[in-house]
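With chain A held as given, fit chain V onto it using these hints.
Next come the chains, spelled out residue by residue.
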Amino acid sequence: MPDPVVLARALFKSYGSFEAVKGIDFEVRHGECFGFLGPNGAGKTTIMRMISCSSPPSGGELTVLAMRAWLDGRRIKRRMGVVPQENNLDEEVTVLENLMIYARYFDIAPRVSRPRAEEFLRFVALEDKGDWPIPRLSGGMKRRLLIARALMNEPELLILDEPTTGLDPQARHLVWEKLRSLKRQGVTLLLTTHYMEEASQLCDRLVIMHEGRILVEGSPREVIERHTSPQVIEVFEPPRELEESLAALEPVADRAERLADRWLFYTTDGDAFLSKVRSLPVVPSTVWLRGGTLEDVFLALTGRGLLE
Amino acid sequence: MARTVTPAGIAVRTGRRSLLRDIVRVPDVRVTKAWRLWQRDAAIYKRTYKFNILPNFFEPFLYLLAMGLGLGAYLARIKGYRYLDFIAPGLVATAAMFGTSFEVTFNCFVKMQFGKIYDAVMSTPLTIEDIGLGELLWGTTRSLIYGTLFILIASMFGVVHSWLAILTPVAVALTGMMFSIIGLSFTAVIPIIDMFSYYWTMFITPMFLFSGVFFPLDRMPGWVQTVAWFVPLHQAVNLMRSLILTGDAAAAGRAALWILVLTAGLFVLPLNLLRRRLVK
Chain A
1 MPDPVVLARA LFKSYGSFEA VKGIDFEVRH GECFGFLGPN GAGKTTIMRM
51 ISCSSPPSGG ELTVLAMRAW LDGRRIKRRM GVVPQENNLD EEVTVLENLM
101 IYARYFDIAP RVSRPRAEEF LRFVALEDKG DWPIPRLSGG MKRRLLIARA
151 LMNEPELLIL DEPTTGLDPQ ARHLVWEKLR SLKRQGVTLL LTTHYMEEAS
201 QLCDRLVIMH EGRILVEGSP REVIERHTSP QVIEVFEPPR ELEESLAALE
251 PVADRAERLA DRWLFYTTDG DAFLSKVRSL PVVPSTVWLR GGTLEDVFLA
301 LTGRGLLE
Chain V
309 MARTVTPAGI AVRTGRRSLL RDIVRVPDVR VTKAWRLWQR DAAIYKRTYK
359 FNILPNFFEP FLYLLAMGLG LGAYLARIKG YRYLDFIAPG LVATAAMFGT
409 SFEVTFNCFV KMQFGKIYDA VMSTPLTIED IGLGELLWGT TRSLIYGTLF
459 ILIASMFGVV HSWLAILTPV AVALTGMMFS IIGLSFTAVI PIIDMFSYYW
509 TMFITPMFLF SGVFFPLDRM PGWVQTVAWF VPLHQAVNLM RSLILTGDAA
559 AAGRAALWIL VLTAGLFVLP LNLLRRRLVK
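Here the protein sequences come in this chain order: A and V. Numbering-wise (our numbering), the first sequence opens with residue 1 and increments by one. Numbering-wise (our numbering), the second sequence opens with residue 309 and increments by one.
So here's chain A without its partners, still in its complex pose:
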């Protein structure tokens, strides 16, 4: 089995007295899509910056493509692509020129970078926008262009920091499709996201982070199986007179939550629980039965409070 693409042992990062990453272990294997999930401030971006050799680790070990992160930065970055969270394209030049300028940083000559740029523009469905100025592109187009740009050096490892934040559903699905196609071509993907659906759709394995630590690790299915009940009953805006009888159902469920506008019951047998709800003296107007999701795990682990 080849070395892992990324290997972190007791990885630590502090800014002054603030500890952003508090000693974490993980490894990313060849050809997989690995996700970092977590609320804002969990340390995801810090990890991405360390892996992409933009920021030196403060402690622990971090190996990328079998080289030491940061210390071997130039050589690592040659074989890696980075899609940043914020658009940082050269606004003054065209789409095609953006790709060719970027390729030059990797010493790729124009006679190579031009056909390659055209190929990747086709890949991200921007082939007819090559001569467009950047300000004319929509948010989704810019993000796709950033992906094309990150591919210009034909990287073995592609790092994406919140690749679909701020995109509309059409644009998001297109990005997902492209990322899956890259994975099929053998590119190892590493992404951060706080969209649970994105993680379920794309990631082979993921970690959920909170306050600089990894809370859980595994495939999306494993994480759901291990950390939440398979089924969830949601009772929306229950009538006031049901308050007590719903509270009485709490011990029957694996776990229950009372939110401002609804009750959530986590259970292994949704149908049985549903019939209990149906037999209440007043049947609540909206009751849902759904499967447990990554979002349930995420919220259970990181809490429902705003993390700011």
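Hints are computed from structural coordinates only; laboratory data are not their basis. Note that the coordinates shown come from a computational prediction; the quantities given were computed from them, not determined experimentally. Keep in mind that the hints are not guaranteed to be accurate.
Stated by the list, open to error - With a Cα cut of at most 30 Å, we get these calculated BS3-like pairs of lysine-lysine:
| id | chain 1 | residue 1 | chain 2 | residue 2 |
| --- | --- | --- | --- | --- |
| 1 | A | Lys-183 | A | Lys-129 |
| 2 | A | Lys-142 | A | Lys-178 |
| 3 | A | Lys-129 | V | Lys-354 |
| 4 | A | Lys-129 | V | Lys-424 |
| 5 | V | Lys-424 | V | Lys-358 |
| 6 | V | Lys-424 | A | Lys-276 |
| 7 | V | Lys-387 | A | Lys-142 |
| 8 | A | Lys-183 | V | Lys-424 |
| 9 | V | Lys-424 | V | Lys-588 |
| 10 | A | Lys-178 | A | Lys-129 |
| 11 | A | Lys-183 | A | Lys-142 |
| 12 | V | Lys-354 | V | Lys-424 |
| 13 | V | Lys-424 | A | Lys-22 |
| 14 | A | Lys-142 | V | Lys-354 |
| 15 | A | Lys-142 | A | Lys-129 |
| 16 | V | Lys-354 | A | Lys-178 |
| 17 | A | Lys-129 | V | Lys-588 |
| 18 | A | Lys-142 | V | Lys-424 |
| 19 | V | Lys-588 | A | Lys-22 |
This is chain V only, laid out in the frame that chain A set:
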């Protein structure tokens, strides 16, 4: 297999970094990589130069006409030279200073802070120091464009009096590199773009007015001359005037040496300050 990870406490280096150690380190810089950033700047300049260069073409005319011919008509000769001849070399030095100063202050700050361009480039094999050197080289290039253009235009007014003037482009490049280093260092440390007004009104403009471009300083009190010796633009003006007007090779050499020493001494400063700002 899913697992819960509970990391152990680890001893690590923490605490504030020392400013001195950040500034005097040997930068991780390669000219071949910096060149890539220069090419990026040049590619973007190429798209806008037609609009950029025209005003820069007229500016020398305006100064030479207004000050040299207009004001000069009322003035006695300075050290035996026409006023126009006296100010033209100083304006070459000034053109070199302005040529880079806009670039390494406002333009670089916008690229760094708002465009996040340096973040993008830092995820390629370039280091932040390569980026810094690339900006210095590009700033110097702009100085070279504007300074050389100025002397070419000015020479049509008959202001060139010495064969040493063929060294003007070298002197302009040297001056441009010096002001690139000073300007980029300032850019690397200011928190907000508004602080450039300090750079311009307390550094650039006073230098422009009091560095001996428009009147000689040698009849000023001794302390003025002492202060002037430390002013970068004053040395650049002396250099240009020695090359273009007086043909005094020794004076040119002294001024060039002064600029060279400052440039070499401060060379790592902007690179390390940028690193200190952007590498966290």
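Task: Distance restraint between Lys-142 (chain A) and Lys-178 (chain A), which requires alpha-carbon spacing of 30 Å or less - done: holds, 14 Å
Open item on the list: Need the status of pair Lys-424 (chain V), Lys-276 (chain A): alpha-carbon distance at most 30 Å?
Closed with: violated, 56 Å
TODO: Sort out whether Lys-424 (chain V) lies within 30 Å of Lys-183 (chain A), counting only the CA atoms.
DONE: Status holds; Cα separation ~28 Å.
Task: Straight-line alpha-carbon gap Lys-129 (chain A) to Lys-588 (chain V), limit 30 Å - done: Violated, at roughly 36 Å.
Open item on the list: Hinted pair, alpha-carbon criterion (30 Å max): Lys-354 (chain V), Lys-424 (chain V). Please report holds or violated.
Closed with: holds, 21 Å
Open item on the list: Does Lys-588 (chain V) sit within 30 Å of Lys-424 (chain V), going by the straight-line distance between their CA atoms?
Closed with: The given pair, whose Cα atoms are some 15 Å apart, holds under the 30 Å limit.
Open item on the list: Next pair to validate is Lys-588 (chain V) with Lys-22 (chain A); report whether the Cα-Cα distance is within 30 Å.
Closed with: holds, 16 Å
TODO: Measure nothing beyond the straight line between the CA atoms of Lys-142 (chain A) and Lys-354 (chain V); if it is 30 Å or shorter, mark the hint as holding.
DONE: The given pair, whose Cα atoms are some 23 Å apart, holds under the 30 Å limit.
Open item on the list: Does Lys-424 (chain V) sit within 30 Å of Lys-129 (chain A), going by the straight-line distance between their CA atoms?
Closed with: Measuring from Cα to Cα gives roughly 23 Å; hence the hint holds.
TODO: Quickly compare the C-alpha distance for Lys-142 (chain A) and Lys-129 (chain A) to 30 Å and report which way the hint goes.
DONE: Holds: Lys-142 (chain A) and Lys-129 (chain A) sit about 11 Å apart, inside 30 Å.
Open item on the list: Check the hint pairing Lys-142 (chain A) with Lys-424 (chain V) against an upper bound of 30 Å on the C-alpha distance.
Closed with: holds, 14 Å
Task: Agreement of Lys-183 (chain A) and Lys-129 (chain A) with the hint, judged by alpha carbon distance not exceeding 30 Å - done: Roughly 25 Å separates the two Cα atoms, so the pair holds.
Checked against the numbered hints above, the structure violates hints 6, 7, 16 and 17; every other hint is satisfied.
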